[in-house]
Each structure stands twice: as structure tokens, then as C-alpha cells.
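Position one of the sequence shown corresponds to residue 1 (UniProt numbering), numbered consecutively onward.
Be a bit skeptical, because a hint or two may be false.
Said to hold, decoys possible - Cβ pair distances, simulated, as ranges:
| id | residue 1 | residue 2 | range |
| --- | --- | --- | --- |
| 1 | Ile7 | Lys83 | 30 to 36 Å |
| 2 | Leu175 | Gly87 | 19 to 25 Å |
| 3 | Lys159 | Ala84 | 32 to 38 Å |
| 4 | Val30 | Glu10 | 31 to 37 Å |
| 5 | Ser122 | Ser79 | 19 to 25 Å |
| 6 | Ile91 | Leu8 | 32 to 38 Å |
To be verified - Okay, derived cross-link-like pairs now, DSSO-like style, lysine-lysine, Cα gap no bigger than 27 Å in a straight line:
| id | residue 1 | residue 2 |
| --- | --- | --- |
| 7 | Lys64 | Lys81 |
| 8 | Lys148 | Lys159 |
| 9 | Lys127 | Lys64 |
| 10 | Lys50 | Lys73 |
| 11 | Lys44 | Lys81 |
| 12 | Lys9 | Lys44 |
| 13 | Lys113 | Lys73 |
| 14 | Lys44 | Lys73 |
| 15 | Lys148 | Lys127 |
| 16 | Lys64 | Lys5 |
| 17 | Lys44 | Lys169 |
| 18 | Lys64 | Lys100 |
| 19 | Lys148 | Lys176 |
| 20 | Lys83 | Lys9 |
| 21 | Lys64 | Lys50 |
| 22 | Lys176 | Lys50 |
| 23 | Lys159 | Lys176 |
| 24 | Lys64 | Lys129 |
| 25 | Lys5 | Lys100 |
| 26 | Lys83 | Lys100 |
| 27 | Lys100 | Lys169 |
What the hints contain is simulated information worked out from the structure, not anything from laboratory work.
The beta-carbon is built from N, C-alpha and C at its ideal position, and this holds for glycine as well.
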Amino acid sequence: MTNDKSILKEADGVVLPGVGAFGRCAEALVESDLFTLAASMAEKAASGGKPFLGICVGMQLLYKGSDESIGIKGLGIISEKVKAIEGDVKIPQMQWNELKCDFTHPMFNGIEKNPWVYFVHSYSAPKTKESVAFCDYGTEVNAAIAVKNLWATQFHPEKSGETGIAILKNFLSTLKSDGT
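Construct all of the structure, not just a fragment, from the sequences and the given hints.
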């Protein structure tokens with residue numbers, strides 16, 4: 001973990017985690033002078049550059065903004081806005097939920113059908129052409145997106161048992177290696 005720009009620029013890949021509110025996470029990137037770099041790295045990953053993984057609010061930050069934090073800009077890689085989860089469901093969604101995945105995407109290599117993963121969130125990114133996984137939570141909730149080397153999950157792979165470990169290993173397999 002680092003907020004050192006030179007280390008981030010030299011890294012083989014980047015993981016943008018996020019816990020808490022969209023606005024606070026975006027402001028933390030600004031305060032640490034990493035907002036522009038994070039946006040640039042995510043944009044390049046979406047064009048096939050260095051791999052980038054957003055987790056939870058890290059996925060939401062890839063969007064242009066969120067109804068959770070009106071007036072706070074996201075990284076803007078995806079031109080949609082994150083919205084509150086709709087329906088007559090308990091908020092936040094804090095539970096295991098079954099994924100419906102695009103198993104042709106490398107994020108899901110080696111993962112069994114109908115995997116379960118762990119969610120903690122009150123806001124959700126809308127379904128877009130970048131969506132590669134969903135879950136049912138009163139409505140269809142966007143659970144993961146991918147554009148070339150830009151991957152992101154609304155769920156927490158680090159808390160999602162063997163399925164989550166497999167997804168993280170799949171991400172690590174996209175990183176270049178110099179053998180050291």
C-alpha cells in the first residue's frame with residue numbers, strides 16, 4: 001500500500017480499494033494528490049495498459065459521480081452515475097450473494113458456476129456495457145465491470161472465500177513479471 005506517485009507509476013498493477021463513503025474516498029485521493037494519477041491509470045488500463053482493479057467504493061469511483069455525495073466528482077472513466085440501491089430491501093446490503101457472471105471474462109477463470117461473494121454497500125453502479133457480473137438484491141445489481149485491463153468489483157473479493165481468492169489470482173495473472 002502506498003500513496004507515493006513514483007511507486008504507483010512503476011508498479012506492475014494498481015488496486016484501488018474503497019471503504020466508506022464515495023465522497024470521502026474521492027476527497028482522500030484529492031488530498032493525497034492522487035486523483036489525477038488514479039484517473040489516468042484507470043483510463044490507460046481501460047485501453048489495455050497497466051492492470052487496475054477497483055474494489056467496492058474503488059469500483060464506484062470509476063464512475064463520474066454518485067448520488068451518495070452530490071457535487072463530488074468520480075474518476076469519470078464510466079460516464080454513468082452511482083445511485084442508491086432501489087427496492088424494498090435492507091440497506092446496506094451486507095451479506096453473501098450469488099453472482100451471475102460472464103464466464104468468458106478472464107476475471108472468472110476457474111470459478112464454479114453460481115459463485116457466492118460478500119457485499120457491503122448501499123449504492124450501486126448502473127448496468128452498462130462494461131458490466132460482467134450481477135447479483136439479485138430486489139433488483140439486478142451491477143457486481144463487476146471490466147474494460148480490457150480495467151477490472152472492478154462491487155463485492156469484496158478479499159472477504160469472499162475461494163471465489164474471491166480466485167478472482168484476485170486472476171487479476172495477479174494479468175501483471176507483467178520480470179522474474180523477481
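Outcome of the hint check:
no. : hint                       : verdict
1   : Ile7 / Lys83: 30 to 36 Å   : 34 Å, holds
2   : Leu175 / Gly87: 19 to 25 Å : 38 Å, violated
3   : Lys159 / Ala84: 32 to 38 Å : 22 Å, violated
4   : Val30 / Glu10: 31 to 37 Å  : 22 Å, violated
5   : Ser122 / Ser79: 19 to 25 Å : 22 Å, holds
6   : Ile91 / Leu8: 32 to 38 Å   : 34 Å, holds
7   : Lys64 / Lys81              : 6 Å, holds
8   : Lys148 / Lys159            : 25 Å, holds
9   : Lys127 / Lys64             : 14 Å, holds
10  : Lys50 / Lys73              : 23 Å, holds
11  : Lys44 / Lys81              : 21 Å, holds
12  : Lys9 / Lys44               : 12 Å, holds
13  : Lys113 / Lys73             : 36 Å, violated
14  : Lys44 / Lys73              : 19 Å, holds
15  : Lys148 / Lys127            : 17 Å, holds
16  : Lys64 / Lys5               : 23 Å, holds
17  : Lys44 / Lys169             : 21 Å, holds
18  : Lys64 / Lys100             : 25 Å, holds
19  : Lys148 / Lys176            : 15 Å, holds
20  : Lys83 / Lys9               : 31 Å, violated
21  : Lys64 / Lys50              : 21 Å, holds
22  : Lys176 / Lys50             : 9 Å, holds
23  : Lys159 / Lys176            : 25 Å, holds
24  : Lys64 / Lys129             : 16 Å, holds
25  : Lys5 / Lys100              : 36 Å, violated
26  : Lys83 / Lys100             : 20 Å, holds
27  : Lys100 / Lys169            : 20 Å, holds
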